[in-house]
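Colleague: Please model the complete structure; the sequences and the hints are all you need to start from.
In case you want the letters, here they are:
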Amino acid sequence: MLDRQTQFASNDSNVVVVIGSGAGGGTLANELARQGIDVVVLEAGALHTRDDFLADEWASFSQLAWLDNRTTSGSFRLTKDFPNLPAWIVKSVGGTTVHWAGASLRIQPHEFRALSEYGTLEDANLLDWPLSYEELLPYYENAEDRMGVTRTNSIPGLPGNNNFHVMYAGARKLGYTCNTGHMAINSQIRDGRAACQQRGFCFQGCRTGAKWSTLYTELPAGIATGHLELRPQSHVATIEHDERGHVTGVTYFDTDGNLQRQRARMVAVAGNSIETPRLLLNSASSMFPDGLANSSGQVGCNYMRHMTGSVYATFDEPVHMYRGTTMAGIISEEARHDPSRGFVGGYEMETLSLGLPFMAAFLDPGAWGRKFTGALDQYDRMAGMWLVGEDMPRESNRITLNNEAKDAYGLPVANVHYDDHPNDIAMREHAFQQGSKLYESVGAKDIYLTPPYPSTHNLGSCRMSDKARDGVCNRHGQTHDIPNLFISDGSQFTTSAAENPTLTIVALAVRQAEHMGKLMKEGAV
Amino acid sequence: MPIRSFSHTLSRRVFLKASGGTLLGTLAFASGPIALLAPSRSWAMPLEALSSREGEILLVIIRQMFPHANLEDAVYTFVVKDLDRAAEAEQTRALLQGGIASLDEGASGDWLTLDTQDQFRRIEALEGTSFFEKIRSTAVVSLYNNPLAFAHFGYQGEEGDVGYLYNGFSDLTWLPDPPQPEDGFMPGTTAS
Chain B
1 MLDRQTQFAS
11 NDSNVVVVIG
21 SGAGGGTLAN
31 ELARQGIDVV
41 VLEAGALHTR
51 DDFLADEWAS
61 FSQLAWLDNR
71 TTSGSFRLTK
81 DFPNLPAWIV
91 KSVGGTTVHW
101 AGASLRIQPH
111 EFRALSEYGT
121 LEDANLLDWP
131 LSYEELLPYY
141 ENAEDRMGVT
151 RTNSIPGLPG
161 NNNFHVMYAG
171 ARKLGYTCNT
181 GHMAINSQIR
191 DGRAACQQRG
201 FCFQGCRTGA
211 KWSTLYTELP
221 AGIATGHLEL
231 RPQSHVATIE
241 HDERGHVTGV
251 TYFDTDGNLQ
261 RQRARMVAVA
271 GNSIETPRLL
281 LNSASSMFPD
291 GLANSSGQVG
301 CNYMRHMTGS
311 VYATFDEPVH
321 MYRGTTMAGI
331 ISEEARHDPS
341 RGFVGGYEME
351 TLSLGLPFMA
361 AFLDPGAWGR
371 KFTGALDQYD
381 RMAGMWLVGE
391 DMPRESNRIT
401 LNNEAKDAYG
411 LPVANVHYDD
421 HPNDIAMREH
431 AFQQGSKLYE
441 SVGAKDIYLT
451 PPYPSTHNLG
461 SCRMSDKARD
471 GVCNRHGQTH
481 DIPNLFISDG
491 SQFTTSAAEN
501 PTLTIVALAV
511 RQAEHMGKLM
521 KEGAV
Chain S
1 MPIRSFSHTL
11 SRRVFLKASG
21 GTLLGTLAFA
31 SGPIALLAPS
41 RSWAMPLEAL
51 SSREGEILLV
61 IIRQMFPHAN
71 LEDAVYTFVV
81 KDLDRAAEAE
91 QTRALLQGGI
101 ASLDEGASGD
111 WLTLDTQDQF
121 RRIEALEGTS
131 FFEKIRSTAV
141 VSLYNNPLAF
151 AHFGYQGEEG
161 DVGYLYNGFS
171 DLTWLPDPPQ
181 PEDGFMPGTT
191 AS
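Going line by line, the protein sequences match chains B and S.
The numbering used here numbers the first residue of the first sequence as 1 and each following residue consecutively.
The numbering used here numbers the first residue of the second sequence as 1 and each following residue consecutively.
Note that these hints are calculated values from the structure, not bench results.
Glycine included, every Cβ here is placed at the ideal spot set by N, Cα and C.
Just so you know, not all the hints are guaranteed correct.
With a Cα cut of at most 20 Å, we get these calculated EDC-like pairs of lysine to aspartate or glutamate [unchecked claim]: (1) B:K371 x S:E127; (2) S:K134 x B:E117; (3) B:K80 x S:E88; (4) B:K371 x S:E133.
A partial selection of chain B residues facing chain S, derived with a Cβ cut-off under 10 Å [said to hold, decoys possible]: (5) L54; (6) N142; (7) G192; (8) E317; (9) V319; (10) M520.
From chain S, some residues computed to sit far from chain B (all C-beta separations above 10 Å) [said to hold, decoys possible]: (11) S40; (12) D73; (13) A94; (14) A107; (15) K134; (16) L143; (17) T173; (18) E182; (19) T190.
Modeller: Structural data, given as structure tokens:
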């Protein structure tokens with residue numbers, strides 16, 4: 001993949017540096033390269049190709065997960081169970097698109113207007129996106145086509161596995177509609193990639209390539225243009241700027257741990273919502289003592305991780321939920337905004353399964369004894385779903401630098417602080433209740449309510465806002481303070497909405513690439 | 001243990017070997033899924049850092065913490081093996097041996113002679129200690145992350161690598177099949 005790629009000089013100040021190669025960074029880089037713009041992608045993780053992926057949960061976790069130290073604080077349960085693992089995301093080329101389950105849902109029109117629709121909530125920092133559904137619509141269409149999302153563009157839905165069969169039957173009893181979802185997983189051969197073989201290891205990397213990942217779509221396509229150079233194991237330390245306050249390049253640690261410098265015309269940060277603000281904060285200078293693009297003080301603030309939880313239910317008959325796609329069925333009825341339920345915003349219900357090793361680790365972290373083992377005794381008769389909904393942005397839910405803890409390069413690590421908002425708690429209770437009812441309606445024996453996992457959906461820590469004082473970047477992800485510095489991942493999200501974020505991250509990246517190309521043509525940057 | 005008095009003359013490796021015991025057992029369920037995988041009904045697990053007795057006590061503790069009525073001791077022994085490996089580090093060995101010693105001390109010298117309920121109460125009382133947490137956190141990973149456990153609990157592990165598309169991903173028969181297009185389509189087939 002990297003053998004014949006173009007190489008750019010470290011002092012080439014005409015390149016765009018993209019930090020991160022996941023949904024945001026990988027897509028942006030390809031879209032820039034397609035316009036003939038030279039791009040250097042700096043990826044902290046190593047290159048693992050499809051042949052390297054493992055059908056073994058713990059071994060794969062060691063291979064792919066971001067395990068660099070982080071710390072946590074706040075009242076969310078992860079501070080106790082997984083104090084150094086607030087997020088379950090990937091450090092590898094392709095970023096978290098290697099691990100994601102493939103659900104590709106559009107944010108609903110009203111969710112872009114969260115403040116106007118929901119009103120002011122105490123202890124929440126709600127805001128309308130500076131961007132409407134209608135404006136993003138063409139980019140959603142582009143994203144669905146490029147990712148091959150099922151049930152769009154005449155692509156048939158995926159065949160449903162046993163876990164879907166159980167969810168579907170329960171959904172009908174409760175009057176919900178349910179299908180196998182809008183998934184960026186090939187149900188048919190498409191775009192040179194295979195049809196899904198229902199391996200059940202979506203989280204461990206898709207060996208057949210049926211599931212969309214930038215690893216084997218956007219990145220090789222970008223490299224093939226001759227305008228994209230991908231540098232794995234390149235951990236960016238700081239973004240540098242000149243006396244005008246414009247960014248001029250980055251410093252990064254290469255494969256051998258040596259500090260390198262890459263000059264740049266523009267820098268786009270897509271390191272996921274913990275690393276992105278960490279990098280801006282770690283780049284503080286005498287001109288920007290609070291970190292880059294932080295005149296609002298909002299860098300790192302409004303960190304969101306979605307309201308989540310899982311319901312697992314056991315039955316008299318076998319289910320074998322681990323066979324086939326991890327997210328095999330979706331119910332969207334509860335994703336509406338209906339304050340009569342006791343909370344604003346809504347949530348999706350999506351099947352989920354874990355293999356035996358991870359079920360033991362995540363069912364009830366810290367648990368032991370008969371209740372716990374009773375659940376695992378029924379593992380082969382278990383069905384499960386994940387509940388994912390909008391969580392409230394709060395200024396105090398925040399990524400900061402922990403100067404007490406340093407990474408392998410001596411840089412302060414990120415501390416993740418999170419407290420559930422009362423709205424999040426009310427929504428989780430409702431979701432637990434509906435999920436339980438669904439399984440009870442088809443004869444569940446035992447129901448297990450599982451707390452949030454280390455989060456894969458990390459959002460909002462450098463949010464988009466109309467006014468510079470309310471956020472970090474504008475409607476194109478361009479930072480309010482620094483015209484040639486961009487935020488290109490889920491950190492941009494003004495609010496979390498209920499839906500899995502990847503499709504929106506990709507749509508925003510396509511739109512941003514267009515904008516950056518235009519700025520370059522106009523000579524504005 | 002007289003061997004301790006001259007242990008400094010031996011390499012650490014040799015000392016560990018010398019102090020290591022063996023856990024022995026026989027499969028309880030001759031026709032269970034684990035027996036089908038095992039070459040014989042008898043099994044032996046050599047230990048490096050821990051003695052046979054220490055291994056036995058840990059085995060009982062793990063069984064009490066994670067009780068699965070029909071799960072073979074052979075599977076629990078994987079946890080003992082991982083604790084034994086961890087006990088090659090001085091600090092962990094001291095933690096485990098110290099915890100075992102204080103259990104024995106509270107039971108007139110032999111914790112293993114207590115009845116099951118009494119053993120359980122004493123384990124429960126240790127919750128939150130680093131001794132308890134070391135065993136629990138090791139067990140919750142190793143007990144459920146081996147092919148014998150997979151066979152017992154009905155998880156197919158890496159068998160899934162080739163895909164279940166033609167091998168049971170939607171073989172559930174106790175509920176009606178969902179209709180299409182809510183359910184999707186097998187590769188190569190379409191609605192029309």
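Colleague: Flag every earlier hint the structure violates by its number, smallest first.
Modeller: Violated hints (numbers, rising): 2, 3, 6, 7, 10, 16, 17, 18, 19; every other hint is consistent with the structure.
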